[in-house]
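Colleague: Sequence:
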Amino acid sequence: MSASGAGVRSEALPTASPAFAAQENGTGECGAVTADFQYVLLPVAYSLVFVLGMAGNAMALLHFIRTRSTMQPSNIFLVNLCAIDLLFVLTLPFNIAYHARGNDWPFGEALCKVNGSLFFGNLYGSSLFLMLISVDRYIAVVHPLQSLKLRNPKHRILLSCAVWVVLAAVILYLTLKGPLTRPFQSTGKIACMENFSSEAWRGRISTVSILAAVIGFFLPLLVIATCYPLIACKLLAPRLVEGAAPSTSASGSGRIRKKALRMVLLVLVVFLLCFAPYHLNQLVHTLRRMGVLSGCPLIHFTYRARRVAMALCSLNSCLDPLVYCLASESFRWNWRGCARCFKLGQKPPQRQKNAAI
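Quick note on full-length UniProt numbering: the sequence shown kicks off at 1 and runs consecutively.
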């Protein structure tokens, strides 16, 4: 959510919260680091994400509710991802005001904790649900018989509940162990989810930061990067063996598999584009704060790079509706008539009546 620096001068050592860019009190050893572009970049980026993310995810959620498909096995993870994206975009007006005011939080400690919790939940919850969606597609394509046995929605409901419990546990630990607002010494402006003290860093902040990165980013990335080549191998294998002209059913099955392959590839792109820059930069900064790494040039780089990474990170809420199109068995996308028209990647229905999603 937050970026560092209040006023013209930014502090030298930015702290890293688990889900936000952060700012430290200035240190004479590295001098001041400025990143004034953040006061334009982040409000503009968040405004665009608010409009596009709200429209795309609201349309998707309305589709799932109107078609009564929220409990379909293939849609349970998608509905959870849609809900967590909507919760995130609801925080963006507060974040826009915060950054436009030069990183000054006027809404109080309680709302800072609510805002920070929703931001944290989206950042790591999205990663976990995208991982589960990829695993679900992997099982459906590579192990279709096992997939039929697991069609009972209770398995997906239990996994979704587990994700929410993990998120709630980490958020409660983060928010109940101490305040999340703190004034900047140089300007008196109020920081939210940044500008943590050295004591806080030695306690909850570094612990939560590393734990969240391992569970909420590196684990999902490993799983998704494993699912993609396995699905690709399964997709390409029949072509090497069959050689004959495909039947109508085989052609339909091939389209389903290709769609699953595109979906997992899209999820991988979302991770690499939206999440990887932030988490890698966050990890480097965390190691610097723990004393494992050192050097002022490193601090200068991570401070500025985090501002761009935060803007990229927010884009996942705009890209997730594309995942719904590729992962859902019934989701249709229409920019003219709101959720009817023809299916993504297909010609009009009358020309391809047997096309399957």
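If you're looking for bench data, these hints aren't it; they were derived computationally from the structure.
Keep in mind that this is a model prediction, so the values were computed, not measured.
Built from N, CA and C at the ideal position, the CB exists for glycine as well.
It cannot be assumed that every hint is accurate.
Taking lysine to aspartate or glutamate pairs in the EDC-like style, the calculated list, with each CA pair at most 20 Å apart, reads [unchecked claim]:
1) Lys189 - Asp36
2) Lys189 - Asp104
3) Lys113 - Glu199
4) Lys113 - Asp36
5) Lys177 - Glu199
6) Lys177 - Glu109
Ranges of calculated distance between the beta carbons of each label pair, as one might list FRET restraints [said to hold, decoys possible]:
7) Ile210 - Pro297: 22 to 28 Å
8) Gly188 - Asp36: 14 to 20 Å
9) Pro93 - Asp36: 31 to 37 Å
10) Leu90 - Leu230: 33 to 39 Å
11) Val40 - Ala276: 47 to 53 Å
Colleague: Which hint numbers does the structure go against, in order from smallest to largest?
Modeller: 4, 9 and 11
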